[in-house]
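Visitor: Order-wise, the sequence lines are chains H and S.
Just so you know, we're using my numbering here: the first sequence kicks off at 1 and counts up by one.
Just so you know, we're using my numbering here: the second sequence kicks off at 108 and counts up by one.
Be a bit skeptical, because a hint or two may be false.
Keeping only pairs whose Cα atoms sit at most 25 Å apart, straight-line, the calculated SDA-like set for lysine to any residue is [said to hold, decoys possible]:
no. : chain 1 : residue 1 : chain 2 : residue 2
1   : H       : 15        : S       : 217
2   : H       : 73        : S       : 122
3   : H       : 73        : S       : 207
4   : H       : 9         : S       : 193
5   : H       : 57        : S       : 201
6   : S       : 187       : S       : 122
7   : H       : 9         : S       : 217
8   : H       : 9         : S       : 122
9   : H       : 9         : S       : 108
10  : H       : 9         : S       : 177
11  : H       : 15        : S       : 166
12  : H       : 73        : S       : 205
13  : H       : 9         : S       : 109
14  : H       : 65        : S       : 147
15  : H       : 65        : S       : 122
16  : H       : 9         : S       : 167
17  : H       : 57        : S       : 187
18  : H       : 22        : S       : 209
19  : H       : 22        : S       : 206
20  : H       : 57        : S       : 174
21  : H       : 9         : S       : 205
22  : H       : 22        : S       : 146
23  : H       : 22        : S       : 153
24  : H       : 22        : S       : 147
25  : H       : 65        : S       : 193
26  : H       : 57        : S       : 167
27  : H       : 9         : S       : 146
28  : H       : 65        : H       : 78
29  : H       : 9         : S       : 162
30  : H       : 9         : S       : 154
31  : H       : 9         : S       : 212
32  : H       : 9         : S       : 187
33  : H       : 57        : S       : 194
34  : H       : 57        : S       : 207
35  : H       : 73        : S       : 217
Hints in this document: simulated from the structure, not taken from any laboratory.
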Amino acid sequence: AQRVTQPEKLLSVFKGAPVELKCNYSYSGSPELFWYVQYSRQRLQLLLRHISRESIKGFTADLNKGETSFHLKKPFAQEEDSAMYYCALRTGNQFYFGTGTSLTVIP
Amino acid sequence: SQTIHQWPATLVQPVGSPLSLECTVEGTSNPNLYWYRQAAGRGLQLLFYSVGIGQISSEVPQNLSASRPQDRQFILSSKKLLLSDSGFYLCAWSVEETMVQFFGPGTRLTVL
Numbered sequence: 001a002q003r004v005t006q007p008e009k010l011l012s013v014f015k016g017a018p019v020e021l022k023c024n025y026s027y028s029g030s031p032e033l034f035w036y037v038q039y040s041r042q043r044l045q046l047l048l049r050h051i052s053r054e055s056i057k058g059f060t061a062d063l064n065k066g067e068t069s070f071h072l073k074k075p076f077a078q079e080e081d082s083a084m085y086y087c088a089l090r091t092g093n094q095f096y097f098g099t100g101t102s103l104t105v106i107p
Numbered sequence: 108s109q110t111i112h113q114w115p116a117t118l119v120q121p122v123g124s125p126l127s128l129e130c131t132v133e134g135t136s137n138p139n140l141y142w143y144r145q146a147a148g149r150g151l152q153l154l155f156y157s158v159g160i161g162q163i164s165s166e167v168p169q170n171l172s173a174s175r176p177q178d179r180q181f182i183l184s185s186k187k188l189l190l191s192d193s194g195f196y197l198c199a200w201s202v203e204e205t206m207v208q209f210f211g212p213g214t215r216l217t218v219l
C-alpha cells in the first residue's frame with residue numbers, strides 16, 4: 001500500500017526562522033514525490049517535485065530513500081509562506097496525498 | 108493556456124437527493140482527469156481518475172460515481188446523497204509528460 005504521512009497538522013514559526021515541514025512515505029517501488037501548496041483563497045498548486053531538484057520560493061526538498069522522507073525546508077521563513085502544504089506520492093496515474101500541514105509565519 | 112473549471116462552486120443538497128458536479132478542462136488534449144475529496148483532517152482523498160473517454164478507475168468504494176463523456180469533461184455523480192458525502196470536491200488534470208496536477212477551484216458540498 002502507498003501512504004504519505006505528514007505528522008504535523010499545524011506549524012508556527014517566526015519570520016526569518018528556519019522551517020521544516022515533514023513528510024514520510026511508504027512505498028515499495030521508486031517513488032515520485034511532490035509538494036503542493038494552497039495559499040488563502042487560491043487553488044491548490046504545485047510547489048516542487050523531487051525529480052526537478054529545484055528551489056522554488058526558497059523552498060527545497062530532498063528525497064531520502066533510507067528514511068523514506070521528503071521533508072520541505074526553507075532557511076528563512078517569510079509571512080507570505082503561510083499556507084497549507086501537502087506532500088504527495090505518485091504511482092502510475094494515481095496520487096496519494098498527506099493530510100497537510102498548515103504553516104503560519106508569525107511577523 | 109490551459110484552464111480548468113468546476114461548477115457549481117457551492118451546493119447544499121438534502122439527504123437522498125441526486126448529485127452532479129461538473130469539471131471541464133480547456134487548452135489541452137487527452138488529459139488525465141481526477142476527482143478528489145478534501146475533508147478536514149484527512150487531506151485529499153483520490154476518488155476517481157480517468158485516462159481517457161469512458162475510462163474510469165475508482166479508488167474507494169463509495170456512494171459516488173464518475174463519468175467522462177467527452178475528452179475534457181469529467182462528471183461526479185450520486186443517485187442518493189448521504190450526510191457523509193459532505194465535503195470539498197476538487198477536480199484536477201495532468202498530462203503524461205509531466206504528471207504535474209493542476210487543480211480546479213473546487214465545489215463545497217453540504218448535505219443536510
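Visitor: Looking at the structure, which of the earlier hints fail to hold?
Guide: 1, 2, 8, 9, 10, 11, 13, 14, 15, 17, 20, 21, 25, 26, 28, 29, 32, 33 and 35
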